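K.L.:
The chain contents come next:
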Amino acid sequence: MDRVVTGQVKGVLARFDDPGSLHKAAVKIREAGFSKFDCHSPFPIHGMDAAMGLKRSPLGWIVGLAAIVGTTSALALQWWTSSVDYPLVISGKPFFSFQAYVPVTFALGVLLSAFAALIAMLALNGLPRLFHPVFYSRQFEKVTDDAFFVSIEAEDPLFEVDKTRAFLEAIGGKNVEVLQKS
Amino acid sequence: MSTTTREITGLPEGEAPLLGGHQTFTGITAKISGIIERRTPPVWYLAFGAALSLFLVLVGSIGYLLYEGTGIWGLNNPVGWGWAIINFVWWVGIGHAGTLISAILFLLRQRWRTSINRFAEAMTLFAISCALIFPAIHVGRMWVVYWVFPIPNQMSMWPNFRSPLLWDVFAVSTYFTASLLFWYTGLIPDLATLRDRASKKIKKIIFGIFAVGWRGGNRQWKHYELAYLILAGISTPLVLSVHSVVSTDFAVSIIPGWHTTIFPPYFVAGAIFSGFAMVITLTVIARKIFGIEDLITVDHLEKMNKVILLTGSMVGYAYGMEFFIAWYSGNIYEQFAFLNRAFGPYAWAYWIMVSCNVAVPQLFWFRKLRTSIPVMFVASILINIGMWFERFVIVVTSLSRDFLPSAWDYYSPTIWDISTFVGSFGLFFTLFLLFIRFLPMISMAEVKTVLPQADPHHHAAARAVEGNRHG
Chain A
1 MDRVVTGQVK GVLARFDDPG SLHKAAVKIR EAGFSKFDCH SPFPIHGMDA
51 AMGLKRSPLG WIVGLAAIVG TTSALALQWW TSSVDYPLVI SGKPFFSFQA
101 YVPVTFALGV LLSAFAALIA MLALNGLPRL FHPVFYSRQF EKVTDDAFFV
151 SIEAEDPLFE VDKTRAFLEA IGGKNVEVLQ KS
Chain B
183 MSTTTREITG LPEGEAPLLG GHQTFTGITA KISGIIERRT PPVWYLAFGA
233 ALSLFLVLVG SIGYLLYEGT GIWGLNNPVG WGWAIINFVW WVGIGHAGTL
283 ISAILFLLRQ RWRTSINRFA EAMTLFAISC ALIFPAIHVG RMWVVYWVFP
333 IPNQMSMWPN FRSPLLWDVF AVSTYFTASL LFWYTGLIPD LATLRDRASK
383 KIKKIIFGIF AVGWRGGNRQ WKHYELAYLI LAGISTPLVL SVHSVVSTDF
433 AVSIIPGWHT TIFPPYFVAG AIFSGFAMVI TLTVIARKIF GIEDLITVDH
483 LEKMNKVILL TGSMVGYAYG MEFFIAWYSG NIYEQFAFLN RAFGPYAWAY
533 WIMVSCNVAV PQLFWFRKLR TSIPVMFVAS ILINIGMWFE RFVIVVTSLS
583 RDFLPSAWDY YSPTIWDIST FVGSFGLFFT LFLLFIRFLP MISMAEVKTV
633 LPQADPHHHA AARAVEGNRH G
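Chains as they are written, first to last, in this note's numbering: chain A, 1 to 182; chain B, 183 to 653.
Misleading hints may appear alongside valid ones.
[What the hints assert, rightly or not] Covered, in the sense of this in silico footprint (three residues per stretch, anywhere, with C-beta under 8 Å from a C-beta of chain A), are these stretches of chain B:
no., region
1, 392-400
2, 408-415
3, 557-567
[What the hints assert, rightly or not] No farther apart than 25 Å at their CA atoms in a straight line, the calculated lysine-lysine pairs in the DSS-like style are these:
no., chain 1, residue 1, chain 2, residue 2
4, A, Lys10, B, Lys386
5, A, Lys10, A, Lys181
6, A, Lys174, A, Lys142
7, B, Lys213, A, Lys142
8, B, Lys385, A, Lys142
9, B, Lys385, A, Lys181
10, A, Lys181, B, Lys383
[To be verified] Ranges between beta-carbon positions, derived for each pair:
no., chain 1, residue 1, chain 2, residue 2, range
11, A, Val89, B, Thr252, 28 to 34 Å
12, B, Leu289, A, Arg30, 29 to 35 Å
13, A, Asp85, B, Met496, 53 to 59 Å
14, B, Lys383, A, Ser182, 17 to 23 Å
Just so you know, the hints here were simulated from the structure itself, not pulled from any lab data.
Note that the structure is a prediction, hence the values are computed from the model and not measured.
All C-beta atoms, glycine included, are put in the ideal place defined by N, C-alpha and C.
All chains should be modelled from the sequences, with the hints used to inform the complete structure.
P.N.:
Structural data, given as structure tokens:
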């Protein structure tokens, strides 16, 4: 990774007053053709995915896969230990009595799915990532309190510092700030 | 556009607002973070000292148990399951309310849950921690307790997957882990709030690490919200499955009074019943001490009391149905087991159970009583006493009068049974006090979403409503 140079522009940040104006800004930014931007808020805002033009998260498929792996491996474990590796007759039940194996199969399916849900969510979000250019901004600390921000990253093909700044100001952004190491 | 503020905030007509007072986003942040940021109140130290002392009682009791063996308990032949199993079932049951609130009420879009879910989930985790201790120490040789897991060993033996006791190991440990992951997922945005507000560097680093660099971008919220929904979805069957599996510990055996098919639903209803009672006990104290009556309102408490009334009535129905089935079965041994419960040597325990679990919740038919803080506080404690006695009645009455009258014996606990149980409260309250001191006890990010101004169309709609009113 490149060394961060003081003064190198990483993006532009603008503040908006409320969820409504953030929502409207997201629509305008998407219509202007930006792709590497994000709308930051203290809580999820209803309808924001559509406004930003985001696709549905693939997380459900990942967790579904984990559930299948969890249940099949649990069943395989119980079958192999009780019928192949060390078969024991317990109360005259068959070696592979699947009815008795349901609770453990279910539990391990849930267990693996729960891990998958959290880990895949973090992975899809690129977390843990303790530092990000938006944290160069002092005002960004309020994003987890009551402030709403838009950030456009310098990597966006349409990004040009002055033009992007002016654009964000034009669509109602306040305290527009260039993200760079000071 | 013919939307009303009611529709936008997701509240049915005629329903009171979810939060009291005039709330703002930053007001909520300040209120909840403020509790952990201000100086530790002296009363916290007092409470923590008391809880820690009780916890030491638990450590001492377990230490002596390891040294001497389960003979220090009141167990005898035929009563091989005493207080340890009763306490296990009781604590696991208490945990169920947290999962019901966090998972089932989330899927049912009961938005009032946002004020109490963090609190209830924490209670779940700590209750399961207490519960897990008891079967672990009850095995006697605690140092080989890992034999319950399928770990390859020098004896090349495997656990018996056809035993309900082993199902329990998997059900309860999965329950704990899934609840922990769910709880942590919910905490991430709030940990980021604490990170951003922290004034000391060390706090910023610690909260920063646990907040994993959360920056509240909608690209993150998109995955986050789905992860939360999925975790709620997979925790929902756990509410029903965990206590059902616990009940099979009894129902799969052939002891009269245990071998009944009503056990799984009856245990689940009882679990939710006692769990909600515990949530009431704890929230009534916490909202008063921390001045969060506007966030956890009497309306929240009333809704929980309605759940208590419902589940309490289900438990009462199950008590009646057990007697009916015993009579209807025509089996004299089954009939004896139940007559012995109500009129035998443990009749005192049975009638404590009936009065606390069946009679007490009936108070909540009256609105005045279910919105009265003193009434619900006392009732919630009585209910948990009743639910403890329910497990006592199930475990002890059936075992102490087993198959041959020559084998019968009366069971009573020793000081060590009592000290271990009392000590488990020490563990519970130690963990709980640490939680309310260092972590936000109400989910800030979630509570903000139920404010009317959180909706992006709020202003337009509010104006439309105003217009209609004047027009």
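K.L.:
Each hint: holds or not?
P.N.:
Here's how the hints hold up against the structure:
{"no.": "1", "hint": "392-400", "in the structure": "holds (count 7)"}
{"no.": "2", "hint": "408-415", "in the structure": "holds (count 4)"}
{"no.": "3", "hint": "557-567", "in the structure": "violated (count 0)"}
{"no.": "4", "hint": "Lys10/A - Lys386/B", "in the structure": "23 Å, holds"}
{"no.": "5", "hint": "Lys10/A - Lys181/A", "in the structure": "9 Å, holds"}
{"no.": "6", "hint": "Lys174/A - Lys142/A", "in the structure": "14 Å, holds"}
{"no.": "7", "hint": "Lys213/B - Lys142/A", "in the structure": "15 Å, holds"}
{"no.": "8", "hint": "Lys385/B - Lys142/A", "in the structure": "17 Å, holds"}
{"no.": "9", "hint": "Lys385/B - Lys181/A", "in the structure": "23 Å, holds"}
{"no.": "10", "hint": "Lys181/A - Lys383/B", "in the structure": "20 Å, holds"}
{"no.": "11", "hint": "Val89/A - Thr252/B: 28 to 34 Å", "in the structure": "29 Å, holds"}
{"no.": "12", "hint": "Leu289/B - Arg30/A: 29 to 35 Å", "in the structure": "31 Å, holds"}
{"no.": "13", "hint": "Asp85/A - Met496/B: 53 to 59 Å", "in the structure": "43 Å, violated"}
{"no.": "14", "hint": "Lys383/B - Ser182/A: 17 to 23 Å", "in the structure": "19 Å, holds"}
Hints 3 and 13, counting from the list given before, are not met by this structure.
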